[in-house]
Amino acid sequence: MCACRCGIRVHLRDGEVRYIDGNPEHPVNKGVICAKGASGIMKQNSPARLTQPLKRKAGAERGAGELEPISWDEAFAILEERLARIRATDPKKFALFTGRDQMQALTGLFARQFGTPNYAAHGGFCSVNMAAGMIYTIGGSFWEFGGPDLERAKLFVMIGTAEDHHSNPLKIAISKFKRAGGRFISINPIRTGYSAIADEWIPIRPGTDGALLLALIHELIATDLYDREFLARYTNAGFLIDLAEASARHGLPVLDAASPTVYPLYPQNHLWWDRALGKAVASHAPGAQAEIVGAYTLADGTPVKPAFELLREQVRGNTPEWAAEVTGVAAATIRRLAREMGATAREQAFELPIAWTDCWGVEHESVTGRPVAFHAMRGLAAHSNGFQTVRSLAILMSLLGTIDRPGGFLHKAPYPRSIPPSSKAPNSTAAVKPNTPLAAPPLGWPASPDDLFLDEAGNPGRIDKGFSWESPLAVHGLMHNVITNAWRQNPYPIDTLMIFMANMAWNSAMNPSDVRRMLNDKDAEGEYKIPFLVVCDAFQSETTAFADLVLPDTTYLERHDVMSLLDRPISEFEGPTDAVRVPVVPPTGECKPFQEVLVELAGRLKLPEFVHADGSRKFRDYPDFVVNWESAPGFGFLSGWRGANGDRSMKGEPNPRQWEMYAANNCVHHTPLAPGHRYMRNWNGGYLKWAVEMGLRKLDNPLVIQIYSEVMQEFRLAAQGRRPGRQPPERLRAGIERYFDPLPFHYAPLEAAATDPEAYPLAAVTQRPMAMYHSWDSQNAWLRQIHTHNYLFVNPGVARAQSIADGGWMWVESPWGKVRCMARYSEAVEPGTVWTWNAIGKAPGAWRLAPDAEEARLGFLLNHLITDELPTPTGRISNSDPVTGQAGWYDVRVRIRPADAGEAAETSPRFDEMPHLPGTRRKLPSWIAYFAGEGKRP
Amino acid sequence: MRPAYSVIFLTTLIGAGQGLFIALYAAQAGAALGFFPPAAQRFFVVGASACVALASLGLLASFFHLGRPERAWRAAAMWRTSWLSREVIALPVFMAAVTAWGTAHDRGWGGSLALGAFALAACLALFVCTAMIYAGVKFLQEWASPWTLPNFVLIGSASGFMLAVPLAAALAPPLASPAAAGAAALTLAALAARIASLRRNERVRAKSTPQSAIGMRGRIEQKSQGFTGGSFNTREFFHGASPATLRAVRRSFLLLGFVVPLVLVLIGARADSFILVALAAAVQYAGLVAERWYFLAQASHPQNLYYQCSS
Amino acid sequence: MTQLALVIDLNVCVGCHACVTSCKEWNTSGIAGPLADLMPYGSDPVGTFFNRVQTFEVGQFPDTQTVHFPKSCLHCEDPPCVPVCPTGASYKRAEDGIVLVDYDKCIGCKYCAWACPYGARELDEKQKVMKKCTLCVDRIYDTELPESDRKPACVMACPTSARIFGDIHDPDSEASKAIRERDGYALMPEWKTRPANHYLPRRTTECDPPTPSSSSPR
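Chains as they are written, first to last, in my numbering: chain A, 1 to 938; chain B, 1001 to 1311; chain C, 2001 to 2218.
If we strip away everything but chain A, and leave its shape as in the complex, we get (with noise of 0.2 angstroms):
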């Protein structure tokens, strides 16, 4: 269904759907539901559905559609054939990228048996620099990471937020929190959706939200409303940082030989410079008062500064003036917008009186709260600029001491996790063996260059090149550059191609056209350079037509699922939470979940943890997997209901009954954390050992945020040359040393510099509809009659400007493409930006939708002006985030020009009609009248 993982009710009559409607008893959506999940009826009686595996016709083209179903029984034998022989030669050949990424413990796990480093789910092209920055920064982020704490904030700030993530919780929350009388500021270029309630709604162009951030860090700094205390005590803020010249260590915090490292992956004999003895001490020794601005010079002659004085000299220049300029917002505005958060968090900060012990041992009677809540997602996330901007916005909420506190930002279980999580992929390409399982998962958090995949030539080991020079920190991959690497067969080629629930040959793709044309592509000897592409989806996607085997997955209805906490689960403030779905009605065709097909195959192709050491299959199918497969002794997918009689939570032995535990109790297994264990859960001396013992974490280090990153000033210090070990390339090694910036900054999208701001001076964004779930949607006939057809939305004045009319035909071109479509005006967007709904446009056919359905005559795709690769004079590359890979879709810069007269009212680029594939609804029906249970008919 969607990512927001609601409990629902399904409520049958004669064995079908009456209605689905929420579930009250459900922690997240606490009984409501959304437009998607009240349409889930016409998504189970899509024309669309896939109901038997296809096999591309021997002398078919790809992309053509013509593909005959097949048996199970072949698919996987031929499934199995090929993989197996990939797997007994060279396994990074098999790469599985998954759209949908609910089951990244399972997909992961699979990936890493199978001894593939090329797995990633979505995030690369969806939020990774929410994630990373964020997690980077203070151990945690937005969305099932954690959140703002609107029950007891009074001043919340969002920005740049997709209207659908974390949707139904949020507008509980706004909501609950608007009507107690708090206050809502939203800073978006577009006002729609969640900012339409707001009470302020501050516009700022695309791509510049860093600039903001800085000056409100400027601000905050400059008019001492930052939360000194907080920053001393539980940020590196007082950490003493090397500033001498010729030290290795250059840049980092000075690491004390007289103390003890205790953890070795993250040290903690850090100096602070005691205010009141005047003199570098240990960090956090008793009684010590860290000061964190001036310069030192330590007893050996070392020059350091505290960390924070170096934040304060980096953002001396960002002032409101400075950054009025870059945003669009008035100076005045972010002078009072500072003010207003620092005043709100100092003066109407508060004491729940919860005694806590810190993890230096140090007892707390109360609790304190700083009322002021940030809540961010793609608006920030997707630029190449994002991590730093994210890191901005993590500091910003650093300084205003609201981290995991009462009324700020509160993380969920198993977050916060160290800064960076200690979990590695493999940092070497020799780790990928044939027949052997990589000895760590394919995704990991890198610390230093040390963690990178290369290999001994220091080129990508993966597929994406993530995790390499070009994107150090993909911890979520780079599913986006994916197909343009295969089909360049940089860096090497590869065979097989799964991919789970992506659009890739659509919206999912930045570039559609040319991946339409790329996995079409043949070689020399007439062999297509992506040999086999395996596609499992529930629907006739666009992607399915470039299929060489179609797998049908099931419904959300029809399956078996887990929202894990070994994956993504759907943990609430006060503790660890997961949830199941149990199937409601029975699979339609021959749909098999996603999940069995990888259960069935792992089990024929003898991947260890799912075979006996005789080679005998372990698990059943995916429910039994689901109970019995441990990550350690007493760990397991699920939280609930453990143990031989399911009494125990958290740990415990398989219990052979814990589906139908979870079942009769809301499919929801909840864990309070104990009062003294809700906040302050980063430094919070209970809580870590606490969830160390229940397998949350490894290790029970205090996660100080790092205000300063360590990290980045490794990869600095590579780029420098001053760093023994790996070096970058020389094509990148300045931009390795510009972007790592252990301090946050604000610099132009990758692609500002190979776009004519003249030329093209707007930005073009796309928003997510509400009743929408990416292109899933558009065959669902409820939800499509709310959007059949999209229009751009343009501020008046600059559409007239172009003589652009409202509702008339128009182009809008970047560098890379153009696409004609109808303008809407609209006064709610500021007007260096315009936009649309993303997703709506569809392909004629795809979706099993008529072919002259507006989807397809009037909607368009904004993908069509987006490319996923840039060119610099050193040569193609990725149009993402240089630190981590985050695809930069809402940097492309464009212009607008009305349509000629005599031009075809219809969109452009328009693509050749896709046939329905066997298995789909043979006849569309030229109207339903949907009554559940046709016997009971009044």
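Just so you know, these hints were derived from the structure itself, not from any lab. Even glycine gets a Cβ: it sits at the ideal position worked out from N, Cα and C. Don't take each hint at face value.
The calculated label-pair distances, taken between Cβ atoms and stated as ranges, are [as the list claims (entries may be wrong)]:
#	chain 1	residue 1	chain 2	residue 2	range
1	A	Thr333	C	Arg2180	35 to 45 angstroms
2	B	Arg1251	A	Glu913	38 to 48 angstroms
3	B	Leu1188	A	Pro898	33 to 43 angstroms
4	C	Lys2128	B	Arg1251	52 to 62 angstroms
Here are some chain A residues pointing at chain B (derived, C-beta under 10 angstroms) [unchecked claim]:
#	residue
5	Leu243
6	Glu245
7	Gln785
8	His789
9	Asn790
10	Gly807
11	Tyr825
12	Ser826
13	Glu827
14	Asp852
15	Leu858
On the chain A side, residues computed to face chain C include the following (Cβ under 7 angstroms) [unchecked claim]:
#	residue
16	Asp21
17	Ser175
18	Leu924
With chain A fixed as given, assemble chains B and C onto it according to the hints.
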């Protein structure tokens, strides 16, 4: 509004039938009072048949307007509140009365004058009901006009008299001339009343505004009606024609519905030309179909404030 | 006398359309159903919906308000659609003020739709009868449902609790209190239809000191 042809034919056909009956009854009553020479019974029998035929055609057309015509009989139920219900009663009563009146003439029964008086009352009641169906919808300010009833009565009467002219020319030649005079006078009066109603409607200021529709102040523009597919609300209440088409229709109905037939009937009557007077009636009917289309289309429904724009 | 109604809080509606499809979903298999969709997968689909969420822009950049505006039958206390109905299919219930259509009596003449200034009625293109919001009359009295579920589907669904359901003639109901305390207003008061459904206006919490103030509707 979107003019429905069923409604256009219903109202124009029964209007003509009613007008024709008035003309016939005027001939009978006028003869009784000595104003006109008495006409042959055949004139009244054929005329009454024509009235009933027109009304029946109108009734038939009305069934095409209904979603569930098989239940049309139910429509008589709410005569206490609904003008439509009253029309549903008045129309058959009128048809029955005219049938009886015509039968009386055919069979030479006495009391046809009294029967005719009853039919006349039914005829006038039917005019009121039909007109009030439109005039009674206060939200449609172009319909809820003091001119709607006079327009329906005069236009119906004019078209009926216009039909009476060829009928008289064929069956009661001495009456052709007075009928033509009546048709001309009524057409002129109808034209005047219609122009007055057009003038009045030009000055109508919509009571509902975007501000009152959503209860907010300031500049308001709809950006989305909530769907990009169609709906009953976007189809039933918009005529879909361009302003130019609307102007053309207005010009044509003023000419074809009034001016041209007026001239034709006057010349035709003077020249004793059956063809010309028959042509006058035919042209006028066509013009009045356009007039009714325009009448229906011109009304602007406040619900349209909610269905302006999709995006 | 009871008058059931919805009070819709424009201050929190984010325009998610949850009420739109949850209404469709409940009613298509309920007493008001089925609700037909024509050309559901083709060009220009037309479906019967009882409830729509519309979007308006108020003011000019940068002082623009984007207003999401849910609209369904307002269950007028003086419903103009009822007296015009020739068959009595349209009626207002004495016991709770709900305006309903009896599909067995409706002849599909559309006169009631003409007589509704709010565009709240839709002719079902398949059943050829007029349909409209029933306030989920087949939910709210259904004793087989748990008490907490006896509310209109749209109210149950609404993630922002922007829809308050209750008796506006009971001064102590949540709906009446909301109308009284938060300046609830009726649509198109100029027609004196006395809609039972009310709307709560936008309110703006100003900066420093954070005191709520009404942005004065109408």
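Results of checking the hints against the structure:
no. : hint                                      : verdict
1   : A:Thr333 - C:Arg2180: 35 to 45 angstroms  : holds, 36 angstroms
2   : B:Arg1251 - A:Glu913: 38 to 48 angstroms  : holds, 46 angstroms
3   : B:Leu1188 - A:Pro898: 33 to 43 angstroms  : violated, 51 angstroms
4   : C:Lys2128 - B:Arg1251: 52 to 62 angstroms : violated, 36 angstroms
5   : Leu243                                    : violated, 55 angstroms
6   : Glu245                                    : violated, 59 angstroms
7   : Gln785                                    : holds, 4 angstroms
8   : His789                                    : holds, 6 angstroms
9   : Asn790                                    : holds, 8 angstroms
10  : Gly807                                    : holds, 8 angstroms
11  : Tyr825                                    : holds, 8 angstroms
12  : Ser826                                    : holds, 6 angstroms
13  : Glu827                                    : holds, 8 angstroms
14  : Asp852                                    : violated, 14 angstroms
15  : Leu858                                    : holds, 8 angstroms
16  : Asp21                                     : holds, 6 angstroms
17  : Ser175                                    : holds, 4 angstroms
18  : Leu924                                    : holds, 5 angstroms
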